[in-house]
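Protein chains in written order, with our numbering: chain A, 1 to 217; chain B, 1 to 232.
Calculated from the structure, these hints are not laboratory results.
Treat the hints with care, as some may be off.
[Unchecked claim] With a straight-line cut-off of 25 Å between C-alpha atoms, the simulated DSS-like cross-links for lysine-lysine are: (1) LYS123/A to LYS72/B; (2) LYS116/A to LYS131/B; (3) LYS185/A to LYS4/A; (4) LYS123/A to LYS158/B; (5) LYS185/A to LYS131/B; (6) LYS158/B to LYS116/A; (7) LYS158/B to LYS77/A.
[Said to hold, decoys possible] Stretch-level coverage of chain B by chain A, calculated; a stretch enters the list once three of its residues show a Cβ under 8 Å from a Cβ in chain A: (8) 55-64; (9) 179-188.
All residues carry an ideal CB built from backbone N, CA and C; glycine is no exception.
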Amino acid sequence: MLDKNGIAKRIAKELQDGWYVNLGIGIPTLIANYIPQGISVEFQSENGILGMGPFPFEGEEDADLINAGKQTITAMKGASIFDSATSFAMIRGQHINLTVLGAMEVADNGDIANWKIPGRMVKGMGGAMDLVASAENIIVAMMHTNKRGQSKLLRQCTLPLTGTRCVKKVVTNLAVMDITPNGFKLLERAPGVSVEDIQNATEGRLIVEGDIPEMEV
Amino acid sequence: MNKIVANAQAAIEGIEDEMTLMLGGFGLCGIPENCIAALVEKNITGLTCISNNAGVDDFGLGLLLQKRQIKKMISSYVGENDEFERQMLSGELDVDLIPQGSLAARCQAGGSGIPAFFTPAGYGTEVAHGKEVRWFNGKPHILEMALTADFAIVKAWKGDRFGNLMYKGTARNFNPLMAMAGKITIAEVEELVEPGELDPNHIHTPGIFVQRIFQGVDYEKRIEQRTVRTRS
Numbered sequence: 001m002l003d004k005n006g007i008a009k010r011i012a013k014e015l016q017d018g019w020y021v022n023l024g025i026g027i028p029t030l031i032a033n034y035i036p037q038g039i040s041v042e043f044q045s046e047n048g049i050l051g052m053g054p055f056p057f058e059g060e061e062d063a064d065l066i067n068a069g070k071q072t073i074t075a076m077k078g079a080s081i082f083d084s085a086t087s088f089a090m091i092r093g094q095h096i097n098l099t100v101l102g103a104m105e106v107a108d109n110g111d112i113a114n115w116k117i118p119g120r121m122v123k124g125m126g127g128a129m130d131l132v133a134s135a136e137n138i139i140v141a142m143m144h145t146n147k148r149g150q151s152k153l154l155r156q157c158t159l160p161l162t163g164t165r166c167v168k169k170v171v172t173n174l175a176v177m178d179i180t181p182n183g184f185k186l187l188e189r190a191p192g193v194s195v196e197d198i199q200n201a202t203e204g205r206l207i208v209e210g211d212i213p214e215m216e217v
Numbered sequence: 001m002n003k004i005v006a007n008a009q010a011a012i013e014g015i016e017d018e019m020t021l022m023l024g025g026f027g028l029c030g031i032p033e034n035c036i037a038a039l040v041e042k043n044i045t046g047l048t049c050i051s052n053n054a055g056v057d058d059f060g061l062g063l064l065l066q067k068r069q070i071k072k073m074i075s076s077y078v079g080e081n082d083e084f085e086r087q088m089l090s091g092e093l094d095v096d097l098i099p100q101g102s103l104a105a106r107c108q109a110g111g112s113g114i115p116a117f118f119t120p121a122g123y124g125t126e127v128a129h130g131k132e133v134r135w136f137n138g139k140p141h142i143l144e145m146a147l148t149a150d151f152a153i154v155k156a157w158k159g160d161r162f163g164n165l166m167y168k169g170t171a172r173n174f175n176p177l178m179a180m181a182g183k184i185t186i187a188e189v190e191e192l193v194e195p196g197e198l199d200p201n202h203i204h205t206p207g208i209f210v211q212r213i214f215q216g217v218d219y220e221k222r223i224e225q226r227t228v229r230t231r232s
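Model the full assembly from the supplied sequences, consistent with the hints where possible.
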């Protein structure tokens, strides 16, 4: 089984040289720590920076330089800064090559819910709805089950949707899956996890074809 | 041409109960601290505030929420504020949550003479309820209306008496878009400079969008999530 860093590490292997990437809050943020060697990518943060760098050294924090998670950051050489409309032009206009975000639920048709629990949590969607409505390449990074042990990979989302039929790939602590017209197609197992474990933790349709390799992280 | 006013108190002259305000900033980054303090002091109530976030409990728009001066918030993300969540869940506060990119585009449209536009964001979600749907290029889109405000209040790094503004870092965010969409736009700046000092090539908000400008004082510029790495 993978931990959160393991999930991030596995997704980092999907990165390709020259890509512009938007990372959501939580597990996706960790991906920046595992960029494969020899590859150059630019991270976009939707509050208005392209070429986001690592956290600053202590004492060098700048209140005027944050990411969408409101964390202090640095700007890489070659970074650019812009307003929110330009930022979402990059997103809506499909100039971003990869979007990775967390989710509370994903359905086997690619629907995603990650912004609201009615009557309980009302933080808002932030940029997530714009991202999932337009991005062509969306990976969800999340744990396979919630804190009560219930599957987060469902036949149908129960929470208010963030977007419909948009998720392309899901990487969890247990597995890597593609979303296909017939459901979640199992591609890889996490180390030490059996196909049966994954089947038991997946409420939505899971397609298992042939031998499923253990992922390399 | 001189748009300079003395201070925040003078700048907010004419803002009355029940008005609609736009306030720039993302989280606590690039918020008009001086004007918010002046609005709290003057105790203007029944406000509709268009702002990406709602501050934190004891700073930013949270200060106006604490004193129940806000009737309605139009925002994209309102976490990090317990009092906001309490007022929203109890029904004291009317809240319209909209996708962040749509919020930015709606402000920009409002200032640009574009009454409405179609966007894919929110299709198939509760955001789309009651909105016209049209298909373009094989994809469904929803109709979003432009936003304008009685007053837009923005924060910039530098500005001059013509109202030309430059922002610093990611404090730019919604500020230039909201500056365009106010019937009256107030800019508070960290540094008021002489005309000509700002390179025309580097001006982010041309002065035509700004009606009042002043140099703010005592900026706290609070950091919401201080994250650092250790030197190794």
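Hints, verified against the model:
A C-alpha spacing of about 15 Å is found between LYS123/A and LYS72/B, which places the hinted pair at or below 25 Å, so the restraint holds. At most 25 Å may separate the alpha-carbon atoms for a hinted pair to count; LYS116/A and LYS131/B meet this at roughly 20 Å. Between the alpha carbons of LYS185/A and LYS4/A the distance comes to roughly 22 Å, so the proposed pair stays at or under 25 Å and holds. With a C-alpha separation of about 33 Å, the suggested pairing of LYS123/A with LYS158/B is violated against the 25 Å cut-off.
Distance hint between LYS185/A and LYS131/B is unfulfilled; the C-alpha atoms sit about 35 Å from each other, more than 25 Å. A distance of roughly 38 Å separates the Cα atoms of LYS158/B and LYS116/A; the hinted pair therefore is violated under the 25 Å criterion. Pair hint LYS158/B plus LYS77/A holds up; C-alpha atoms about 24 Å apart against a cutoff of 25 Å. A count of 0 residues in the stretch 55-64 of chain B with a Cβ less than 8 Å from any Cβ of chain A is obtained; the coverage claim is therefore unmet, three being the minimum.
Judged by the Cβ-Cβ criterion of 8 Å, the stretch 179-188 of chain B is not covered by chain A as claimed, because only 0 of its residues qualify and three are needed.
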